[in-house]
Amino acid sequence: MAAPPSSPGKTLLQLFLVLFIASSCCCFLGLRWLVTPGVRSHSPRPATLPPPELPGTQGTHLGLALVPDSTPLSQARTYEWRAESLLPPEYRVGYGLGESLASELDREHRAYGRKTRFRALSRARFTYQAPPGCQQDMRCIYAELMRSNAEPVHALGTRFVEHIRARQLDPLEAGELIITFIQRIHYVEPDGQPFGVLPPALVAARDEGDCDSKAVLAVMLLRQAGIDAAILYSDPLAHAAVGVALPVRGPAFRLGNRVYRYAELTTEGWPLGMIPPQHDKPHLWKVLPMPELPGETGSRVDEVDTPVSGDVE
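Residue 288 in this note's numbering sits at position 76 of the sequence shown, and the numbers go up by one each step.
Only pairs whose alpha carbons sit at most 25 Å apart, straight line, appear in this in silico SDA-like list of lysine to any residue:
id: 1; residue 1: K498; residue 2: S360
id: 2; residue 1: K498; residue 2: V460
id: 3; residue 1: K327; residue 2: D403
The set of hints was computed from the structure by calculation and includes no laboratory data.
Take these sequences, add in the hints, and give me the full structure.
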């Protein structure tokens, strides 16, 4: 991983350049939705013993999650990343997903695609028939992925939660730790996956995912840590991000009495609350609430005084 820029001005300049060049067409949500008559369509917890040491030389060691516990250590992937606002700023964590479980999660995702009559029209467009009661957007798909991947993602989240509690991180520090980890995961568009989304446990196991694939994983980890989070979604802008109820400045996305701030996931080090220039059209975004899952601790930030700037209904 490249060393961080040496100054705030240079950091922002590099972030803007990277995002303009690399992520202006992140998810192609707008291209892959297609509406046709009658069819809604779219262009185990780790052991309590100290975990084995992981490869790598830098960072506070959050530990290792193997799912299931019998997964060979050779199948674990080590992540190293920086959270510049934290001390120390360098972190690492390991995650390994057994081959049979990974295959099962992939099969379940494809079975859901068949159940909803998913059909790819091109690389960037598909149709599917939304289940009864689902909105004409991606929320039911994301919710199903959260349900089916709950246990293997929870094992990874436990490594973060235990560190957050041990270091007594406040909600903003905890959010920074998780968001910067998600930003570290390589941006890769899923190839041949139903709905163009990779299941969240596979995102962590493979170190790859596009904007909405990473957003589902981020929401699951944030909420396990007690941070109220939702998926921010824009079909016109062909992009997805995460909304976090944290005390940072920036446009406010409201859902009822909840207020969320923007978290970009496709560029390492992108500041919380700041929307990339090409996506800075708050009226084109929707807040997609996700269902609660077992193991979520509830929001720890309900009473935080969150600054308001440019509220979005």
